[in-house]
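Participant: Chains as they are written, first to last, in the UniProt record's numbering: chain A, 1 to 465; chain B, 1 to 465; chain C, 1 to 465.
Keep in mind that the hints are not guaranteed to be accurate.
Any copy, or any two copies together, can satisfy a pair, since identical chains are not distinguished.
[To be verified] Listed below are the simulated SDA-like cross-link pairs for lysine to any residue, each with C-alpha atoms no more than 25 Å apart in a straight line:
id	residue 1	residue 2
1	K336	F234
2	K336	V74
3	K336	I260
4	K336	L225
5	K336	R18
6	K336	E257
7	K336	N53
8	K336	R150
9	K336	H63
10	K336	G246
11	K336	D295
12	K336	P346
13	K336	Q259
None of these hints come from the bench; they were simulated from the model.
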Amino acid sequence: MAMLLHPDRLFPADPDTRSLARRLFAGIEHLAIISPHGHTEPRWWGENPAFPNPAELFVTPDHYVVRMLVSRGVPFEALGIGAGAQADPRAIWRRFAENYHVFRGTPSRLWIDHALSQVFGLEERLDADNADRHYDAIAERLADPAYRPRALYERFGIEVIATTDGALDDLAWHAAVQASGWTGRVVPTYRPDSVVDPDFEGFRANVERLGELAGCDIGHWQGYLEAHRRRRAFFRSMGATATDHGHPTPRTADLPEAQIAALYQRVLAGRAEGEDADLFRAQMLTEMARMSAEDGLVMQLHSGSFRNHSAGVFAAYGRDRGFDIPQPVSFTAALKPLLDAVGMDPRLRLILFTLDESVYARELAPLAGAYPGLLLGPPWWFHDSFEGISRYRRRVTETAGFLNTAGFNDDTRALCSIPARHDVSRRVDSAFLAELVTSHRLDEDEAHEIARLLATDLARSAYRL
Amino acid sequence: MAMLLHPDRLFPADPDTRSLARRLFAGIEHLAIISPHGHTEPRWWGENPAFPNPAELFVTPDHYVVRMLVSRGVPFEALGIGAGAQADPRAIWRRFAENYHVFRGTPSRLWIDHALSQVFGLEERLDADNADRHYDAIAERLADPAYRPRALYERFGIEVIATTDGALDDLAWHAAVQASGWTGRVVPTYRPDSVVDPDFEGFRANVERLGELAGCDIGHWQGYLEAHRRRRAFFRSMGATATDHGHPTPRTADLPEAQIAALYQRVLAGRAEGEDADLFRAQMLTEMARMSAEDGLVMQLHSGSFRNHSAGVFAAYGRDRGFDIPQPVSFTAALKPLLDAVGMDPRLRLILFTLDESVYARELAPLAGAYPGLLLGPPWWFHDSFEGISRYRRRVTETAGFLNTAGFNDDTRALCSIPARHDVSRRVDSAFLAELVTSHRLDEDEAHEIARLLATDLARSAYRL
Amino acid sequence: MAMLLHPDRLFPADPDTRSLARRLFAGIEHLAIISPHGHTEPRWWGENPAFPNPAELFVTPDHYVVRMLVSRGVPFEALGIGAGAQADPRAIWRRFAENYHVFRGTPSRLWIDHALSQVFGLEERLDADNADRHYDAIAERLADPAYRPRALYERFGIEVIATTDGALDDLAWHAAVQASGWTGRVVPTYRPDSVVDPDFEGFRANVERLGELAGCDIGHWQGYLEAHRRRRAFFRSMGATATDHGHPTPRTADLPEAQIAALYQRVLAGRAEGEDADLFRAQMLTEMARMSAEDGLVMQLHSGSFRNHSAGVFAAYGRDRGFDIPQPVSFTAALKPLLDAVGMDPRLRLILFTLDESVYARELAPLAGAYPGLLLGPPWWFHDSFEGISRYRRRVTETAGFLNTAGFNDDTRALCSIPARHDVSRRVDSAFLAELVTSHRLDEDEAHEIARLLATDLARSAYRL
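Okay, chain A solo, but in the shape it has when bound (with noise of 0.2 Å):
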């Protein structure tokens, strides 16, 4: 049996390409890790809780892992999700693990094998036979006080880490990290999907609620907008430097101050006919946008994904459940009002995601190569993965250089897939990086420093840490 990393994983081929990226890799290997984009839970921060038990650390609140055995015809029910679902984590764990070859050639599988090995010293691909066993020795350490959250972001040299937060968040894990004396870097991120969707649940109570928690009237527009500012005030006194927003497209608009306050009182008083939904929400990214040129925080737009696609699923077992599906967007025109509203000004930073690979090389990289503000976020969801960051590196650099990139974002919910995510963005870099410098487009020299920049230091910047 193979080891279950083997140190030259995702390197080229060829002898000298490889030697050269393993040289490259090297100098990166160690690097602290950033993480400007991500789902932990604030509470793990706060609170320190120990994981439960395998199964609630890698199979049930994973959507990728889920998904996966579903589409192979494992209940859903059997992996602890639904009404009467299986409650024994063994039962479920094992489930997991005579199914695990489907992972085969999927990120998740390399995700998995890297915190098997180099969380929990387990060395033995994972099967129906060993399924207990291993088992047993996660549950063991899991149990150990070296295996909590803090503990593992000072064990993963974690240097800072993103949560993603919404806009009427009290942030009070956050405070409680900040007041504890830890000296773990956990920032928040202004997320107000919420108070920003006229189709989100309960639209009207979320902005009330945030009028409120901002002390503004938010009976009209302007009042609304002072509460935004004031929340994302309140977010950057507790160490915020971005928001996020999940859009189903990229649309904005920029609409004359009269006909969005006449807008704005429609979708308020739930009266949002034909497309004003979507137009309020076009117009909420060039506010938005501007804010950001006022206040600093980097702005970031994550659009394309139809979410919660079946209808059935959604009933039954709720949101990220892994039935979140990409659709074609375009970025061309869609931004074109916000960038004439602020494109061009010096402050503004918006990065930009795609689930659309279409569009890197055709619309992303001449965007961002262009436009001041822009920069290019990594690769997204199903395209963190080798093939995936191989053609994201490949479609934009050359037009976009790689100055307009914002440095590698681990965007998970799964903490131990932490540094293996980092791991395979840092080795697939060094393997890009190695090519160019083969065949002769880069100096080697080169290829060291932008190492180095992909893998921390264009995430500092891009997001101001």
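Could you slot chains B and C onto chain A? The hints should help.
Facilitator: For chains B and C alone, kept in the frame of chain A given last:
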């Protein structure tokens, strides 16, 4: 001169990766051929005639060959097509041979070289000089019973082959095969386009004939559906395990009963207006999916081709002349009605094909990696090629894994190209798997297992053969 | 420090494949440069002036360079553009040199390094430290007659170069070349955008001027068409072999005479409404194709760029500042009216270009691999690069072959980059062909033949030069 077929063709250049690809390929090279979707003529299997001459075997009926020669200025007539066309097969063959260089870099070149070498024992690259010698050698062999369809079936190691048959077909040639005592397995496939698509020539008459054949009253919606059920049952009784649907787009719908019944009346009466025809096709995909869940026939959807693009070519030379041009498609929103209706039903199996590669990673892999009823068909048509299969594996595997794909289809009417196409597919998959092992994304024992799945087992299980 | 240009640059890493690429490249490296489409200034060839200074040669007019520096926060003014801009070329050059690292990984870097080394004999990587030395060296050479346009034409081994010229241009500089006795071949190209696009500034006046120049009554549709015919004849008399059409989309139309005559009256009168302007452009593509079939001028279509995307940049700094951003396009339905009109006419030659790579394999290769009148232009603009050319060959060749492509275009206004661009193209094609041979998809003798076609012969024949 090089050999016509090099034993290492399509393998990676790196020596270690190439050795590994060789080992993987050695394990699957001689496995049986499973051909679950294709367009060979049922008559060949029922009657077992000799092929008339080299031109009618290799040139005139092959739309890949014809379109390429036409694109370089060769008139259809010179290839034996159209009024007053060249009638001498040797003259057609010479024209083909003297233009054989235009196929450099195309899969047609690989397929034809393979057939010339492996089927006809010709090892010289075809050109104007050897055209007559090749013609004579092939013609001589075609007169030999060892070159009739059933002998080739056996020589090629085919285990089962599916034909594609209109819903109104009497399957007489399939009956003839079954009555003949020959041990080859030839199964029909239910293709109802002519009775499902209101834009099809003679739609009304076709539906009436469907009713007669099924003994159902197609004057109302439920009778029409029942006629489909009965014809499907007939096809199943003749060995069919699948249906196939050729639609301009993957749009689906799931209308209320009253609305669809009224729509049916309009299309039946030839009163379809606006998007009626499109909506009817969309609804019928959902109905067919429901029937598949009930009767177990695997459903295939081939969408996205703009058929008969040139009005002039269609008028003068008819269908299937190589003038079918792909269009952009999107599956995410289009399939939702069907998937909401039956997508989580464990009995459904729907295999999706595309000519728009931008949907592989963006839509198809996420859909197949979530819904239990979906599988991805292999690269279709123009993409059944070295680069096409490579792109498919690279874009699909990380999100859908290997097991959510349906193995290989040769999808051809060119009998002699069948072993060539499976050979290409097995080689490219071996090369891809070798790269996964060399880059330590997979262990070698796993790669051998997957190679076998991709070569035969997935096709068998996907199509319930 | 590495050499600025490594002799093996852009070749594959695998040693055997690299050797083969070297052999292929050796056979084409020194062939003449055919430049059938580009934007050099006719004045250069007619007047043969000295280039004023390094900044005006390498920085200010190069939209690739300007946009990238602007994207990294350098103001346009610092690059000599806009009101109150930096006027000292040495200061502009310094700003460029100190930011030269932002071009790492881009084709601009390869082109500029090539020019510095091969044209100016500078072998040190440009940076802030050597900025002044490089400036002085270049400036000194620019004063030398050997660095004037005609001398460079000869030194670069150019056989023929096409300029791009408005339909109203008097082609005086071309006449000056012809009268001069100089043996260089500089041919104009008919670019009628300003008299074909109703949205063009001054459309009405432009059309009136067209009528005057042609001696036609443009008050009616047939007179307007005749004016085009006469101007095309004038361009042909001055050496033109091609036309070029820059359209937002590839939409075409072929309306009945009465309808188009009425549409012409509306656009001429400035009464275009709704989609009138778009429809007129669409119709004019078909008219131009008809005229091409008649007069033999090769037609080029460059579509899909959203020109002057930033309203602010356009207002302050004008056109061609690097703010032209691609949009999604689709050709299949868009070209049908034109192709139904003249697509099977053996006299037509239409060369298609795209900025949307997703259409290569999906639409353009199938179209060019069927219609005799269509050829695919080389990778355009952002895609004229190592990765861009590689993607193009991999996506196009299997369906269209090599002979349905139109060879290479440098498409540049940057004179010193011409040999660099042909060098990159020839190297990448050699690398691609070497891989075809190493993977036994092609024999070596065939690869040598194709390399020559791609380097020069296809461009000559495609453009009837």
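Participant: Take the hints in turn and mark each one as holding or not.
Facilitator: Evaluated hints:
1. Proximity of K336 and F234 under a CA criterion of 25 Å is satisfied in neither setting, with 30 Å inside one chain copy and 41 Å between copies.
2. For a Cα distance limit of 25 Å, the shortest separation of K336 from V74 across copies, 21 Å, qualifies, whereas the shortest one inside one copy, 45 Å, does not.
3. With identical chains, the CA atoms of K336 and I260 are at most 25 Å apart within one copy only, with a shortest distance of 18 Å there and 33 Å across copies.
4. Proximity of K336 to L225 under the C-alpha cut-off of 25 Å is restricted to the intra-copy arrangement: shortest distance 22 Å within a copy versus 36 Å between copies.
5. Proximity of K336 and R18 under a CA criterion of 25 Å is satisfied in neither setting, with 43 Å inside one chain copy and 45 Å between copies.
6. For the identical chains of this complex, K336 and E257 are intra-copy neighbours only, at 18 Å inside a copy versus 38 Å across copies, given an alpha-carbon limit of 25 Å.
7. In this homomeric assembly, K336 and N53 never come within 25 Å of each other (Cα to Cα): the closest approach is 49 Å inside a single copy and 36 Å across copies.
8. Within a single copy, K336 and R150 get their C-alpha atoms no closer than 43 Å, and across copies no closer than 42 Å, so neither meets the 25 Å cut-off.
9. Taking CA atoms no more than 25 Å apart as the test, K336 paired with H63 passes between copies only; the shortest distance there is 20 Å, against 34 Å inside one copy.
10. Proximity of K336 to G246 under the C-alpha cut-off of 25 Å is found in both arrangements, the shortest distances being 18 Å within a copy and 21 Å between copies.
11. Within a single copy, K336 and D295 get their C-alpha atoms as close as 22 Å, which meets the 25 Å cut-off; across copies the closest is 41 Å, which misses it.
12. Proximity of K336 to P346 under the C-alpha cut-off of 25 Å is restricted to the intra-copy arrangement: shortest distance 17 Å within a copy versus 43 Å between copies.
13. In this assembly of identical chains, the alpha carbons of K336 and Q259 lie at most 25 Å apart only when taken from the same copy (19 Å versus 34 Å across copies).
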